[in-house]
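Throw the hints in and build the complete structure from the sequences for me.
For the first sequence, counting from 1, position 235 maps to 235 in my numbering; every step adds exactly one.
I should point out that these hints are in silico values taken from the structure, not numbers from a laboratory.
Treat the hints with care, since some could be wrong.
To be verified - Derived pair list, reagent style SDA-like, types lysine to any residue, alpha-carbon separation capped at 20 Å: (1) K25 x G82; (2) K25 x N43; (3) K183 x I223; (4) K244 x S265; (5) K183 x D217.
Because the structure is a prediction, the values reported are computed rather than measured.
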Amino acid sequence: MPELPEVETVRAGLAPAITNANITKVEVLEPRSLRRHPGTVANFVAELEGKRVLGCVRRGKFLWLPLGNPEPTGLALVGHLGMSGQILLRTPIFEPDKLTRVIIHFESAGVAYEFRFVDQRIFGGLAIDHLSATEDGRSAGFCPEIAEDGWINSIPQSVAHIARDPLDANFDRTAVIRKLRTKNTGIKRALLDQGIVSGIGNIYADESLWRSKLYYDRPCSEISVAKLNELFEHVYEILVAAVKQGGTSFDEQYKNVNGESGYFSQTLNAYGQTGLPCARCGKLIRREAWANRGSHFCPKCQRR
DNA sequence: ATGGACACCTGTGGGC
DNA sequence: TGCCCACAGGTGTCCA
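Spelled out as structure tokens, the structure:
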């Protein structure tokens, strides 16, 4: 479900409450949500209880909370929301949320809160992972609240293969475009490849391609550098606009940490618009089955 | 290198 | 009302 704008909305909501908070208790209601945790459930709980949260960092669709004891331990709580994950920040008296899988109780400035990891499909999950220095020694991800220092330049091992995203201060658009020019694969497949550029999923790929008038299966190598620059300009603008609107919600699946929906769905021009007229030319938007999912595009504006 | 199939899951909505 | 099918914002792995 969530792509970069939705995950960033969660990160931005979480950061002020959880930075410098102390974890008091952890409840694992659904062990499958720890599928990617290398240890046992008991070990997961033990690694968290009594620790301090140093910050909240995001790269692409991955989030992590570096941990302290209280000094940095070199470990982080890594989270991915999968297709249906949510992180809700509640006070303990707030009614239970359906499909809650893990609850992390913490105390921040003397007030008790719960970090509730809610996930319908259990494709998302939490894990404790080791941090290691980034290759270039620069900030590992997006965390504007924190100035450069030791742990911000470290990345969880399980996230190291994820490329920087377009909102990352160290994102190198020129290098990404150079790489794309060497690929014969279709442009949408490349946009969704988190090892090339991260954060883009099915919604924002379709939206960016629509705005750039590119057919999704067009081979990367035959798109000009100028056109790819235009595409990445649109990717950036769309991601920024979506973050500003709190992400895209069209059902109960995406919520911010307060349980509220984002409203970027009102701005969509391609994704989920099957059968509706293209906002540019009036031709009906089409959906094609593609890679076990759907691709939405205007057959007139986005020619093969 | 590339792409397809599939595994991991639950829930919802449409058609009959 | 029930049943079956299609479909859903992702990632990782295996195999031709």
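Structure-based check of all given hints:
Only pairs whose Cα atoms come within 20 Å are accepted, and K25 paired with G82 is rejected, the gap being roughly 24 Å. Restraint check for K25 and N43: the C-alpha separation of about 13 Å stays at or below 20 Å, so the hint holds. Only pairs whose Cα atoms come within 20 Å are accepted, and K183 paired with I223 is accepted, the gap being roughly 10 Å. Restraint check for K244 and S265: satisfied, since their Cα atoms lie roughly 12 Å apart, inside the 20 Å limit.
Distance hint between K183 and D217 is fulfilled; the C-alpha atoms sit about 12 Å from each other, no more than 20 Å.
Of the numbered hints listed earlier, the single one contradicted by the structure is hint 1.
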